[in-house]
Amino acid sequence: MAHDPIAFELFKNAIFSIADEMALTVFRTTYSGVLKDNMDYSTGFADGDGKLVAQGLTLPGHLGSVPTAMDSIMRHYRDDMVEGDVFIMNDPFDGGMHLPDIFVFKPLYHDGKRLAFACTVCHHTDVGGRVAGSNASDSTEIYAEGLRIAPLKLYEAGKVNKTIMTFIEKNVRLPVKVFGDLRAQLAACHIAEQQFAELVRKYGPDETVAFMRETVDYAERLTRAALSKLPDGEWSFEDWIDDDGIDYGKPIRLFVTLRKTGDHMVVDWTGTNPQVKGAINNTLSFTKAASYTGIRSVLPPGIPNNEGVFRAIEVICPPGTVGNGVLPAACAARGLTGFRMTDCMFGALAMMLPDKVKAAGDGGNTGISIGGYDANRKPFIYVDFTCGAWGARPWADGLDGNSHMFANMASHSIEVTEAEEPIQLLAYEFVPDKAGAGKYRGGVPFRRDYRFLEDEGVLQVRSDRRDHRPFGLYGGSPGGASENYFNPQAENRVLPGKFTMTIRKGDIFRHVLAGAGGWGDPLERDPAAVLKDVRNELLSPRRAADDYGVIVDVARWAVDEAATAARRDELRRARAWDVVPKVQWHDPNKPEETAVRAVE
Amino acid sequence: MSERYRVGVDIGGTFTDIVLLGSGGTIHTKKISSSVGDYARAIVEGLSELFVETGLAGDAIEEIRHGTTVASNAILEHKGARVGLITTKGFRDVLEIRTLRMPKLYDLAWEKPMPLVERYLRQVVDERVDARGRVERVLDARDAERAVDALLAEKVEAIAVCLLNSFANPRHELMLKEIVERKAPGLKLSVSYEVLPEIKEYERTSTTVINAYVMPIVASYLRALRQGLDKAGIPARLLLMQSNGGLTSDQAAAERPMNIIESGPAGGVVGAQALARAKSVPKIITFDMGGTTAKASMVEDGEVTRAAEYSVGAGIMIGSRLLTGAGYTLKVPAIDLAEVGAGGGSLVWIDGGGALQIGPESAGALPGPVCYDKGGDTPTVTDANVVLGYINPSHLVGGALALNADKARRAFEDKVAKPLGLALEKAAYGAHLIAASNMIRAIKSISTERGRDPREFALFAFGGNGPLFACGMARSLGMSRVVVPPSAGLFSSFGLLYADVEHHYSRTFRRLLRQADLAEIERAWKTLADQAEAQLAAEDFAADRRRLRRSAALHYQGQSYELTVPVPDGAIDARMVEHLERPTAIAPARTSRSSLYRSRSWGRGCARARRSPSA
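Order-wise, the sequence lines are chains A and B. If you count the first sequence from 1, position 73 lands on 73 in the numbering used here, and the numbers rise without skipping. Position in the second sequence counted from 1, then plus 600, gives you the numbering used here.
So that you can see chain B by itself, here it is in the shape it has in the complex (with noise of 0.2 angstroms):
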């Protein structure tokens, strides 16, 4: 029988990225430029032209696997659909009030991002719910309808449901989703019961407000797409990548677009894990550095590094999480990155005490780097690698991009080395070395700033620069294994060819732990487990095929840090109770409560294929 083969597909700013690998190890690859504004069509071109290449037709492809910044994209560029919000009556500002924080300190020019819905857009409902679920007040049939004829009367392209305390019950969330339902049949709708039921209004209203703001964009791409690989004769099925690592279907994926966002930077950490796989590494921190920015993450006993809720369109992360505020809190599970803005096209500058900074301004890609000769005149982090020789000017894209190392050197020269007084090789070694302790920081801070000792890790570096710094980065963390993978920049699209179907379910359940009745906790993870079951069997899962896993969050009463654990399986009783309890015993004196419960899911489908990228 002739060779199946799967596809990596990553689309970035300049490049689509194809990776095709067979079932026999036969590997394909095609780098052509992305189409900007109708992203998909590269995808179908470069698969046809990659067909052509190579004499597959397109019933060989089995599935193809996509990671897509279409969603993020949306948000960072305010292009998404025209949101209306439905929310209780007195609380229509949650979403533009946010958490009053914002993420620099003594900036006079702070601007607040924008909400996602104008404030005309954002319709209140008399009714109330309280804490424990039971209804105050009932929300009158006339006012829901109401507050409904007002967005569609505003012609609005997608409607947010979030009311106060409706994780605790959704009775009257779900009678608006039935007037809307009604009334506006076929319109994108996103209730927060069905999205996020869990506690903190700010952080649910916002994510359901950013699911409903990048649902018909994302539904009309994966339209689109589809569209042109039937046309093309490519029947596979079609796989999105999502921020937490794992993969979903693309119907899916349009219902609950908010799981894709970070699509993007997912690749590449999958591709780590599988390849510490494969290479029995149990304990890795992927260390990916492009032109602009480096991200770092970790992998512990084979698994990814989850954050619970992260912002979109924060922009570059300093190693510090203390300051928060910036972006679009999005409380779904993504892999946890911290990035800094060092890269490649970081400009290297000397501050106004003498000393000597990289970045966070970048060269981009026009002017870039003094070296690529395109009128850049500030030396950059790439003009240092050239000067110490570490970058070969001839050599760069396979020779493709000649540099004018002779141009970084008078640059560097000029701006760097003569006014600390140093000499050339010196100040070019000493911003390769800054730039390289900018980066430590972030990888501190998914290390030891979590209570992980870096030493004990491989470090896995990937991404056109990150191969330059990795050795000297472990160095000096103490680190005594580096792992670069073999065409470190297409690792990412590789990458998406190691995930599996993965899907995170979650709510807010909030009992004492010790006085809980544990028949109503089986109960809750019951719900979620049903939930889990149905959407990989509705993805062609055998049960066979399927795998759960739960987790609890818990923290002691009054204090205001979850902890997250693994819930085996098994029934719960006094001594899960117990069991539960012992990861979080600083006092084991204290009652703590269960706050959360969330559910994993697996479906393992193509554990057949060989999976080593070297392969």
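For reference, chain A alone in the conformation it holds in the complex (with noise of 0.2 angstroms):
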């Protein structure tokens, strides 16, 4: 190591610590509820030349995205800024994701030589376009999505470029939180350029520069000595989006194989659908974020987020495909297509590491959005994403009522919103019996049923794990398929997973999250936690008896040893196992679902 070990170290915390105090003063200043419960923003720093030196810890899915979009920047304006520019873009074909999702670039200098930039990226209530909240699903190009901004300077040295602030406020259905969330950026901008100017006093610019460098090459070190501990080899695994909302019925295929060898390890995502009508298109930094997400959850943690992380670890996804879309690919709600990545990330990585790794959860989140506008012609928005159920671990039940992976998320307060939006919750709570079984269960998802208060307005669905349900691992049994339905009090209609379409008032709309996989044999897991969850009301004697042989005295809350005996042998014999199937996406106790689809 060139550097003295101890500056570096307290050059890495000061450096980070300037990503989380931008990450901190998004938080404190933002006006939407998407910024601050839902955390759909990232900070980081990078040097420069662009590259990303730290990012604040905020959301996964960003992860990759930053060096996506410093690379435009630098394309587009490298011999070509001065002091005080400040950059905007969202264009997902320009180093953007989605169009919500708008980066605020700004260069830092010292003594007029750029040595750094601050970068915030934040998810934005609406950028205009067809559907309020500009995540429609149903879009078939990006043209409807919204207001697409080229790399462009916001702040030319110093001075607001007011044509562009102007085609933004006319754009937008919500002038007022969209410029509220842009002053946001800007303001963690400024924080960084501040800190990162006593930076360089302490430590000097060419100091200053090199420990940049080095803690990019220290997360590659890292991140590398801990990819040499995995074994070497190439494992693949297919997972499907139930389909893209147009084409109904018509399932997505999603294929990744991991390629491991020494201390590198290729992601591979030929053999993914081509690119798809529906807005579930990812950009190629998304799917990068995906393959991360997944690769870090098995290395050990405090390996910091930049650029050396990516230099080992290489993502390949053909241009035209699902996972990296190409004109005019509409991608506004490809969340979903990031989540089932990351899904099809953990089975790849079960079966490179059998004992390390979950099985599929919920799903990852289901959008909601409810907008229109009241007597007076004011818009409303109404947007939730929600999330919850952990796919079961080798070694413990999945967690009931956590955050997909991929999104540390928090859910909205109810009472928040029922002072604030013209929507009722009827209620939010685990629905039983829809948690895979297994050795170890699944998570047992929730429900939640919104009431509508106004005159009229657009519910706009986005759902998914209906058709294919979350896969259990090595013996467990898939989770319980996701549910949508229109006034359960009354007609109780169905409704598909994707849809929009026009509510009135009183009308309820219930989602049901699907249940996640588990893990493991059912009919070896411990009769006392099948009886806890009897007692809890989380699974029926009936499913105890017929999924894990366990068979409850519900007048004592005891166990009946002799009959869970008897019981358990003859499932064992019915079923008839010659190995154990390491995947499952159907019950193995309906053999005419069956379709076990172990992958090699």
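Keep in mind the hints are simulated off the structure, nothing from the lab. Ideal placement from N, C-alpha and C gives every residue a C-beta, glycine not left out. Warning: the hint list may mix true and false statements.
[Said to hold, decoys possible] For lysine-lysine, the following PhoX-like pairs were computed, each having C-alpha atoms within a straight-line distance of at most 25 angstroms: (1) Lys532(A) with Lys712(B); (2) Lys532(A) with Lys689(B); (3) Lys202(A) with Lys1026(B).
[Said to hold, decoys possible] Label pairs and their in silico Cβ distance ranges: (4) Pro835(B) with Ser540(A): 58 to 64 angstroms; (5) Glu456(A) with Arg737(B): 23 to 29 angstroms; (6) Ser635(B) with Gly233(A): 57 to 63 angstroms; (7) Gly112(A) with Glu1056(B): 30 to 36 angstroms; (8) Lys378(A) with Arg734(B): 20 to 26 angstroms; (9) Glu524(A) with Glu649(B): 54 to 60 angstroms; (10) Gly302(A) with Glu1056(B): 30 to 36 angstroms; (11) Gly302(A) with Ser635(B): 35 to 41 angstroms.
[What the hints assert, rightly or not] Covered stretches of chain B, as calculated for chain A (at least 3 residues, CB under 8 angstroms): (12) 691-699; (13) 703-710; (14) 715-726; (15) 763-770; (16) 953-962; (17) 1020-1033.
Make the complex out of the two chains shown on their own, each in a separate frame, by following the hints.
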């Protein structure tokens, strides 16, 4: 190591605390729940060449987003940049991800020399387009999705570009929120600028630059050292999205191959479905984020998020696929594809490391947006992203009511929602008998019932994991499918997974998340754990008997040991497994549905 | 007349510290082993021993002030009461679902904290109040009785009640309260409207449940302590330190034990506040470093900084507070502390990338640092300080604990200096600096991350290890003044002697400020003020010794971050509204709304005694 290890550690502490402080600045000044509760934003710090040095701790889904965006800024402006410039951009086909994610970058100078960039990306409440919230999954071209901003200078040498500001103002539904959040991003860049100047004063410009480079090299060394400890070889996995909401019932295949040699890993998505009409096409940067998230979860904690990590992990995805869309691919609701790719990564990693990785969770968040205008033509937009059931792990049950790994989101408070939006929540509770059975069971999903209180509005839903349920691993059963209902207290109409519809006062929409997949043979589950779930009404006595072979005496709250042994024998014989299936998408005790697809 | 004494008692995991401060300035101290399992016994025995040593008698004691970890331990060790919860139909799992967020990214091994009430002990009732407090679905008395009966049949030791939107209308909660009181007189009961009439169902439910969970254990602890004191002939009244840095009577603590959960670390901060006032230092940052953690907090204009909510048992906090989800959420005001896992026992190690790291793992009391010679072989921060000569190996704990400095040097040489290619002293100094830089993040999180410049503050360092690091940290933060009190290790119990009795009340009152009915705001404020006055009167504070303060938490319509602003005395009129809006005036054209009202009240009851710990 070329540098003084102690001075380096001190520098590293300082630079990561700048990235975190930028994140806190956005958190405090934002106008939108998407940023505050869902933490759908990221902050970071790049060196003078635009290479990511540090990223704040917010959203895994943004891992890898800043480098792609920085590349685009450098491509356009490398030699056309001065102190006081601020860049803005959201174009998915020129460095962005999807239109609501607006990037703001500020180059930082010392004595006229560019040393670094402050970087922020925030998901904005609305950027125009045909559906409020700019999140619609049923747009078929980028042109319907909202305002597309190429890499532009929002400030030129410290002077704001009013033309850009006005264009934005006139094309979004809630300019107050959008400008509030843009100000939050500018404030974060400002904080970074001040703190970075301190750092340069302390270490001098040359040392600062050298340390930034070393921070990246250090992350690369850590990543490579950790990768070296994993087995070499090649593993593949496939998973499915039910459909894109346009071509109903046409499943979309995701296919990944992991190739690991020495201290290098290739994540290859060749074999993944061509891009689709619906708005769930990823940019390559988002596919990278899903790939990194999967791998990071099997690497030791404490590796800084920066360019160094990305050097050791190569991600390939052919253009024109759902993982790397090209013009005019619509991509507003591509979050779904990112979540499914993360599931697919976990599947492949579970083949590589059977005792380290969880089964599939509920599939990532369901996006629900309700928008319209009140009697005074004042617009309202309610956006809820919700998810919460983790797949079972080789050593423990899946978590009940915990955000998906790819997006560490918080739920909105029901009471605050009811005080501010024309929405009432009628239920937010666990649903029994939907968690995948296993030696360790999958997480228990919940349902949310929304009642609409305005005269008329548009309900838009993006859900999945209905036809292709969350897979179970190594003998574990898949979780139960997700469900959508309209007015469950009256007609109880079943709704599709993805739809847009008009709703009226008093209408109720119910969403039930998919249950998460189980891990290991359910007949090996500790009967006391089964009893506990029955006692807590998360599992019915009948399913305890059918799925686990555990007979519960509900009068005494005890396991009937003899009856349980007999029932387990009976189930074991009927099932007649030659080998324990590695992956299951269907219930093993319903032979007509059994289609075990063990992946080599 | 003979001297009257105030007593400060601080219970830690290993030691119970007792400090007596006389009206004439006499000080007596006592450090004895804590009586784990029956903490009250050590207090009574310690006092009795002090009486023998000093010739004092029980009636010389005016007041006993006590900081305790009984409540927080009950939560951390899951040894609280068997609680039943009654909530609104459809929302049985609010307590368990929490906010969905987890405190660590990419961690497949994360486990959510176990809910304090298991699902089968969570009963629902069919009722509904809307966000404005209108009853949409009336609670049927038979349904309510059924829910209560079901919990009583499960032999619960306490019941918590938290219904949706009850902050806006408590009718149904009060109905359930009446039923519980009728069917099970004397059963511990925690009703959300009484405990925390504020919006946000998860935070309110969690707080109400925690209160119920520790009620029986705190009540029986305080009863045992009172009985022990009576038996020892000490009639003095007993006051408990609260998480907010104020004292409360033992009866009030038993009724609202949620207020004394973080009783432990508060004493030192309050002591620092008193010392700062005495020395006329308006702005201080306190730094308390012990064996496993370091805590920082801020006192500004003579006032400690408080957080409106925090998590019990969230573990060590990195400077950043972005990732929440650990521990148990408690929405009561508490001294705002940032904690990092850096103490004397923190391990020094080299990571896979070749960087020198400190903690968060600690050598603990056993095996402890290498120099303790009790089997520890991984170097710690204390070992680094021994190598550097910052700790005198023959004078720790007054020489009672002899240190093996050679062993520390060897371990440092082999495990740190050689692998890094550094000289021994350089490596040890590096470890010292890195430990300091980790702790600097805690200080930054309560200063720069809140828009405060640490250079304007003085650093008050205490705790066993605080003073060792204070000067270096102050230098790198550009702080020009460091204060180390005498007996830095006993400072927390001294601090107890300088606290006032203090109570906080709050409620949610959501109105657009400019359109609000001012008389209605006035009435809302008065309800809180009346509550505070009644509580202080019950604690024997005459009207001229009470002081009330109020504040409002405001945010723009549509913005989610709240800013708390003090509300001066006087009528709530148009001028006051304008005054309130001023601090939040980032964009004055926009409407703002008043969301919460908070009230604080003090009873200043003991201002006559001398206050300087150096007396």
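Hint check:
Between lysine 532(A) and lysine 712(B), the direct Cα distance comes to roughly 17 angstroms. Compliance with the 25 angstroms bound is thereby established for this hinted pair. A hinted pair counts as satisfied when its Cα atoms are at most 25 angstroms apart, and lysine 532(A) with lysine 689(B) qualifies at roughly 22 angstroms. Pair hint lysine 202(A) plus lysine 1026(B) holds up; C-alpha atoms about 20 angstroms apart against a cutoff of 25 angstroms. Our hint of 58 to 64 angstroms for proline 835(B) and serine 540(A) holds, since their Cβ atoms are close to 60 angstroms apart.
For the pair glutamate 456(A) and arginine 737(B), the supplied restraint of 23 to 29 angstroms holds, since their beta-carbon distance comes to about 25 angstroms. A hinted range of 57 to 63 angstroms for the beta carbons of serine 635(B) and glycine 233(A) is consistent with their spacing of about 59 angstroms. A C-beta distance of roughly 32 angstroms is found between glycine 112(A) and glutamate 1056(B), which places it inside the suggested range of 30 to 36 angstroms. For the pair lysine 378(A) and arginine 734(B), the beta carbons lie near 23 angstroms from each other, so the given range of 20 to 26 angstroms is met.
One distance hint, 54 to 60 angstroms for the beta-carbon pair glutamate 524(A) and glutamate 649(B), holds here, with the actual separation near 58 angstroms. Taking 30 to 36 angstroms as the suggested C-beta distance range, the pair glycine 302(A) and glutamate 1056(B) conforms, at roughly 34 angstroms. The supplied range of 35 to 41 angstroms is met by glycine 302(A) and serine 635(B), whose beta-carbon atoms lie about 40 angstroms from each other. With a cut-off of 8 angstroms between beta carbons, the region 691-699 of chain B has 8 residues touching chain A; three or more are needed, and the interface restraint holds.
Counting residues of the region 703-710 of chain B whose CB lies closer than 8 angstroms to any CB of chain A gives 7, which reaches the minimum of 3, so the coverage claim holds. Look at the region 715-726 of chain B against chain A: 3 of its residues bring a Cβ nearer than 8 angstroms to a Cβ of that chain, three or more, so the hint holds. Check result for the region 763-770 of chain B against chain A: holds, 3 residues qualifying (beta carbon to beta carbon below 8 angstroms, three or more required). Restraint check on the region 953-962 of chain B versus chain A: 5 residues with Cβ-Cβ distances below 8 angstroms, three needed, restraint holds.
Interface restraint, the region 1020-1033 of chain B with chain A: holds (6 residues with C-beta to C-beta distance below 8 angstroms; minimum three).
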